[in-house]
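Student: Sequence order for the protein chains is A and B.
Each residue of the first sequence is one higher than the one before, starting from 5 at the first, in the numbering used here.
Each residue of the second sequence is one higher than the one before, starting from 273 at the first, in the numbering used here.
Hints in this document: simulated from the structure, not taken from any laboratory.
Note that the structure is predicted; figures quoted are calculated from it, not measured.
Don't take every hint at face value.
As the list claims (entries may be wrong) - Chain B residues, not near chain A, derived (Cβ > 12 Å throughout):
hint: 1; residue: Q278
hint: 2; residue: N284
hint: 3; residue: A292
hint: 4; residue: S325
hint: 5; residue: T333
hint: 6; residue: Q341
hint: 7; residue: D349
hint: 8; residue: K351
hint: 9; residue: T357
Said to hold, decoys possible - Pulled a few chain A residues facing chain B out of the computed Cβ check, cut under 7 Å:
hint: 10; residue: F43
hint: 11; residue: L78
hint: 12; residue: L80
hint: 13; residue: T84
hint: 14; residue: S93
hint: 15; residue: P109
Idealized CB from N, CA, C, for every residue including glycine.
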Amino acid sequence: GAVVSQHPSWVICKSGTSVKIECRSLDFQATTMFWYRQFPKQSLMLMATSNEGSKATYEQGVEKDKFLINHASLTLSTLTVTSAHPEDSSFYICSTWGGTQYFGPGTRLTVL
Amino acid sequence: RKEVEQDPGPFNVPEGATVAFNCTYSNSASQSFFWYRQDCRKEPKLLMSVYSSGNEDGRFTAQLNRASQYISLLIRDSKLSDSATYLCVVTGGRSKMRFGAGTRLTVKP
């Protein structure tokens, strides 16, 4: 399966700051990447589909101005949580498509 | 109604037991089906794909019933290392994977 990395693996920040999460496809070129969020004891919820060289497609209810996605290369997509608040604290996971989806190790965000 | 529904459990079984998980999905146009395993605070990892003909991988057997929109996972001879949350996943194509909330399994000595 595909190898996907995420950085950072965890981050703690103050309310109102912005946090950038990187997702890298290490062993193949990914034109499409996916960003998910998972709250404790809940299922993964798709936030957006990141498309290389074009705008991301956001799921209903996800604020595109708050969750900025950039997919500037075939191996890197970034998610920036702008003006983070405690309710944004969650487990953020990216994935790439390779017949099925292969997930990065996730980023645990805690907003104080 | 949720797109993918699973019994959240928890299922607590002794080592060596056989345990079965069920999952139902609402979108009859769904094309691909998977079981993923997620350990605590980790990312989901693909366990197996699910086909209409049924498929088996060692101690794990998956079944798909399109008419009833129902997927199952059977684990035989449970091991301690099988303790995890099992996610039922349904997709209509290369995007829009829909996840069940997961079924938590604990295998005890």
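Student: Each of the hints needs a verdict: does it hold here or not?
Tutor: Hint check results:
Against chain A, the non-interface label of B/Q278 is violated: not every CB pair exceeds 12 Å, the least being about 9 Å. Even its closest Cβ contact with chain A, about 17 Å, leaves B/N284 beyond 12 Å, as expected for a residue assigned away from the interface. Interface exclusion of B/A292 from chain A stands, the closest Cβ pair being 20 Å apart, more than 12 Å. Even its closest Cβ contact with chain A, about 18 Å, leaves B/S325 beyond 12 Å, as expected for a residue assigned away from the interface.
For B/T333, the requirement that its beta carbon stay farther than 12 Å from each beta carbon of chain A is met, with the minimum near 19 Å. At roughly 18 Å, the least C-beta separation between B/Q341 and chain A is larger than 12 Å, which holds for a residue marked as non-interface. With a closest Cβ-Cβ approach of about 25 Å to chain A, B/D349 is found to remain outside the 12 Å limit, as its non-interface label requires. Here B/K351 stays apart from chain A, with its beta-carbon at least about 22 Å from theirs, past the 12 Å limit.
Against the 12 Å criterion, B/T357 falls within the reach of chain A, whose nearest CB is about 9 Å from its own CB. Below 7 Å, beta-carbon pairs count as interface contacts, and A/F43 has none with chain B, the closest being about 11 Å; its hint is therefore violated. Checking A/L78 against chain B by beta carbon gives a least distance of about 16 Å; that is not within 7 Å, so the hint is violated. Annotation: interface hint on A/L80 violated; nearest CB of chain B at approximately 18 Å, more than 7 Å.
Restraint check, A/T84 versus chain B: the minimum CB separation of about 20 Å is more than 7 Å; hint violated. For A/S93, the interface hint is violated, the least distance from its beta-carbon to any beta-carbon of chain B being 14 Å, above 7 Å. Evaluation of the A/P109 hint against chain B yields a held restraint, the C-beta minimum of about 5 Å falling below 7 Å.
In this structure, the earlier hints numbered 1, 9, 10, 11, 12, 13, 14 are contradicted, and the remaining ones agree with it.
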